[in-house]
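Visitor: Residues per chain are reported as follows:
2 protein chains.
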Amino acid sequence: MKTIEIYCSFVKMLYFCRIYILTKPVMNTTPKPIIAVHGGAGTISRESMTPEKEVKYKSALREAVLKGSQILEKGGSAIEAVEAAVIVLEDCPLFNAGKGSVFTNKGTHEMDAAIMCGKTLEAGAVACVEGVKNPIRLAKLVMKKSGHVFLCGPDAVKFARLYELPIMPPDYFFDQFRYEQWMEAKKTNQATLDHSAEDEEGIILKDKKFGTVGAVALDAEGNLAAATSTGGLTNKKFGRIGDSPIIGAGTYANNASCAVSCTGYGEFFIRAVVAHDIACLMEYAGMSLKEAASKVVLDKLVKMNASGGVIAVDKYGNVDLCFNSEGMYRAYKRVGEKEFVAIYRD
Amino acid sequence: MKTIEIYCSFVKMLYFCRIYILTKPVMNTTPKPIIAVHGGAGTISRESMTPEKEVKYKSALREAVLKGSQILEKGGSAIEAVEAAVIVLEDCPLFNAGKGSVFTNKGTHEMDAAIMCGKTLEAGAVACVEGVKNPIRLAKLVMKKSGHVFLCGPDAVKFARLYELPIMPPDYFFDQFRYEQWMEAKKTNQATLDHSAEDEEGIILKDKKFGTVGAVALDAEGNLAAATSTGGLTNKKFGRIGDSPIIGAGTYANNASCAVSCTGYGEFFIRAVVAHDIACLMEYAGMSLKEAASKVVLDKLVKMNASGGVIAVDKYGNVDLCFNSEGMYRAYKRVGEKEFVAIYRD
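Sequence order for the protein chains is A and B.
First residue of the first sequence? That's 9 in our numbering, and the numbers climb one at a time after it.
First residue of the second sequence? That's 9 in our numbering, and the numbers climb one at a time after it.
Take these hints with a grain of salt, some might be off.
Identical chains share a label here; the pair holds if one copy fits it or two copies do between them.
Said to hold, decoys possible - In silico lysine-lysine, DSS-like type, Cα no more than 25 angstroms apart, as pairs:
no. : residue 1 : residue 2
1   : Lys311    : Lys141
2   : Lys245    : Lys166
3   : Lys64     : Lys194
4   : Lys311    : Lys61
5   : Lys75     : Lys195
6   : Lys114    : Lys346
7   : Lys114    : Lys40
8   : Lys127    : Lys114
9   : Lys346    : Lys166
10  : Lys166    : Lys114
11  : Lys245    : Lys141
12  : Lys153    : Lys66
13  : Lys194    : Lys107
14  : Lys303    : Lys114
15  : Lys298    : Lys64
16  : Lys152    : Lys75
17  : Lys152    : Lys311
18  : Lys245    : Lys346
Derived by calculation from the structure, the hints in this document are not laboratory data.
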């Protein structure tokens with residue numbers, strides 16, 4: 009009888025242990041800080057790329073994630089990291105943002121940018137700003153100092169001057185290649201995406217490369233942030249604004265779900281509220297980051313015939329670089345691990 | 009035995025009938041077309057309102073829903089109905105949109121507007137446009153003719169001229185009351201919301217009335233649409249853009265969920281992606297229109313200390329006019345029924 013009692017107690021103990029194991033919260037070790045960047049998506053074919061150009065692109069993407077990663081490693085915030093990474097890409101003439109911005113129909117460079125903090129949901133954005141060396145810095149300034157979220161046009165540049173942000177003369181933004189792109193676009197009176205690829209059926213878009221840069225990050229404190237910057241469409245007119253500076257469309261961060269930066273056919277990304285949709289699919293439909301990004305980019309956007317991609321991170325340190333185009337300039341780096349850099353699908 | 013067999017057959021029949029009743033789709037009779045409008049929300053107290061003013065406001069709101077409702081009654085589309093209703097409010101000097109737009113810091117009138125079709129997810133928006141008599145018409149033109157979604161500034165006005173939309177001289181927008189509001193705001197160098205009420209703690213916002221107009225509708229074909237138009241903040245500067253023209257924030261329509269037009273403290277409405285959030289709570293979290301609107305306006309926005317409201321309709325013809333402020337100028341009319349018009353909470 010004694011043996012049976014001991015046996016029963018043992019079984020009970022096992023049973024309760026099982027309940028404990030099944031019900032105790034999963035002990036998440038704090039995920040390592042991570043940063044991801046993109047430099048645009050679209051028809052990026054190996055044929056149109058020389059080995060030298062490929063090295064240059066990859067080196068710039070690497071530099072951007074390393075810059076952001078160094079900040080995260082020292083305990084810096086996700087906001088600081090995404091801003092710094094985007095500045096690297098804005099200062100590089102290869103990408104259509106900041107220095108490398110394309111020409112508008114008037115021969116100017118009108119840039120858009122946005123930044124968002126996932127912890128506070130604070131956000132800052134600018135559209136159609138000329139001469140500002142780093143539009144992402146202006147977007148952050150709007151977030152921190154203006155009491156507003158979204159400023160545009162020459163009056164937004166006045167705000168930049170008020171805080172002594174560097175304003176550059178037009179020749180800083182001059183690039184022979186971009187100029188030729190513009191001349192080409194003017195011939196057909198079309199607004200075109202970044203540089204040339206094959207023809208497109210659309211009325212507006214002659215080619216299929218989406219020039220934008222962006223970054224998303226998770227910091228050591230578990231906070232998320234997103235930032236996006238662009239020169240928009242070559243030969244654009246009428247003060248066109250794309251998805252990049254639209255909170256919810258091209259840029260969104262929320263600690264409850266994820267941080268997202270988009271690159272693609274902006275008009276469709278606005279209509280599909282892409283970045284916020286990914287966040288909502290996670291928060292309300294219980295999808296993982298990968299499932300949510302795939303649902304939007306590989307299903308919804310494809311059905312709309314909208315080309316492009318997103319980079320996204322969540323609070324667990326998951327990262328997803330998802331695109332429905334041929335390629336996307338992209339990279340990510342987890343603190344303490346080697347960076348990943350890629351251009352093509354494979 | 010025979011009796012038992014008959015009895016069994018009868019029971020079986022009853023059982024299958026039950027299955028049929030439980031599984032057959034709910035036969036929705038097509039919901040009646042409906043339109044709702046708002047003319048802004050905020051601290052609207054009975055004390056500050058004369059009976060004459062109240063009659064004028066209510067009469068304008070009534071005129072707007074009747075105009076939209078007449079279109080819906082004749083089988084017109086939700087897009088046509090919301091555009092027509094918003095034009096009525098833009099042409100009325102009582103509301104801060106179109107003719108009644110407030111003064112910017114420069115003494116100009118810079119208007120924002122957006123429109124969206126729930127069937128196609130097509131959208132059009134404009135920001136910081138001066139002189140355009142009906143910014144909502146320009147937003148619709150952007151949607152239909154520009155190949156873009158969002159245009160801003162003087163270049164967007166060029167697009168309006170190209171299609172010969174009426175452009176008015178500055179005195180068309182002059183209003184003594186608005187002018188005095190502006191003079192008052194200039195004294196303190198503050199950007200303020202619509203006209204005066206009690207003081208506010210915020211740095212930027214002196215008073216608490218949010219001047220915006222908007223409309224949402226469901227048409228006979230079951231399609232939804234939303235439209236919003238505003239003059240923004242009195243004494244605003246730096247090219248500030250609020251939530252009204254941001255697809256997903258101040259304006260959103262999707263036949264899969266609902267159509268929403270917002271009015272409130274724009275910066276918070278952008279950060280909370282209000283209109284799209286309501287749609288996602290319905291589509292992904294299975295909430296009803298009322299639950300979703302309440303969750304966002306009465307819970308999330310209240311926690312952000314963001315005042316304002318929304319009008320929303322869904323594909324079943326449900327309507328919700330939800331606000332966390334003291335009042336909201338609002339009305340709705342279901343085709344064939346009497347209109348509802350209200351200002352205060354009770």
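Visitor: Next, verify each hint and record whether it holds.
Guide: Hints, one by one, checked against the model:
Proximity of Lys311 to Lys141 under the C-alpha cut-off of 25 angstroms is found in neither arrangement, the shortest distances being 37 angstroms within a copy and 37 angstroms between copies. Taking identical chains as interchangeable, the C-alpha atoms of Lys245 and Lys166 lie at most 25 angstroms apart whether they share a chain (22 angstroms) or sit on different chains (10 angstroms). Taking identical chains as interchangeable, the C-alpha atoms of Lys64 and Lys194 are never at most 25 angstroms apart, the minima being 28 angstroms within one chain and 52 angstroms between chains. Taking the shortest alpha-carbon separations for Lys311 and Lys61, neither the intra-copy value of 33 angstroms nor the inter-copy value of 50 angstroms comes in at or below 25 angstroms.
In this homomeric assembly, Lys75 and Lys195 never come within 25 angstroms of each other (Cα to Cα): the closest approach is 40 angstroms inside a single copy and 45 angstroms across copies. Taking the shortest Cα distances, Lys114 and Lys346 never come within 25 angstroms of each other, neither inside one copy (44 angstroms) nor across copies (53 angstroms). In this assembly of identical chains, the alpha carbons of Lys114 and Lys40 never lie at most 25 angstroms apart, being 46 angstroms within a copy and 49 angstroms across copies at closest. In this assembly of identical chains, the alpha carbons of Lys127 and Lys114 never lie at most 25 angstroms apart, being 40 angstroms within a copy and 35 angstroms across copies at closest.
Taking the shortest alpha-carbon separations for Lys346 and Lys166, neither the intra-copy value of 42 angstroms nor the inter-copy value of 51 angstroms comes in at or below 25 angstroms. Taking the shortest alpha-carbon separations for Lys166 and Lys114, both the intra-copy value of 21 angstroms and the inter-copy value of 13 angstroms come in at or below 25 angstroms. Taking the closest pair of Cα atoms, Lys245 and Lys141 come within 25 angstroms of each other both inside a single copy (21 angstroms) and across two copies (22 angstroms). In this assembly of identical chains, Lys153 and Lys66 lie within 25 angstroms of each other by CA distance neither inside one copy nor across copies; the values are 35 angstroms within and 39 angstroms between.
Taking the closest pair of Cα atoms, Lys194 and Lys107 come within 25 angstroms of each other only inside a single copy of the chain (21 angstroms); across copies the shortest separation is 37 angstroms, beyond that limit. Within a single copy, Lys303 and Lys114 get their C-alpha atoms no closer than 38 angstroms, and across copies no closer than 46 angstroms, so neither meets the 25 angstroms cut-off. Within a single copy, Lys298 and Lys64 get their C-alpha atoms no closer than 29 angstroms, and across copies no closer than 54 angstroms, so neither meets the 25 angstroms cut-off. Taking identical chains as interchangeable, the C-alpha atoms of Lys152 and Lys75 lie at most 25 angstroms apart only when both belong to the same chain, with a minimum of 22 angstroms there against 43 angstroms between chains.
Proximity of Lys152 and Lys311 under a CA criterion of 25 angstroms is satisfied inter-copy only: 20 angstroms between copies versus 38 angstroms inside one chain copy. Taking CA atoms no more than 25 angstroms apart as the test, Lys245 paired with Lys346 passes in neither setting, with 42 angstroms inside one copy and 46 angstroms between copies.
Against the hints set out earlier in the document, violations occur for numbers 1, 3, 4, 5, 6, 7, 8, 9, 12, 14, 15, 18.
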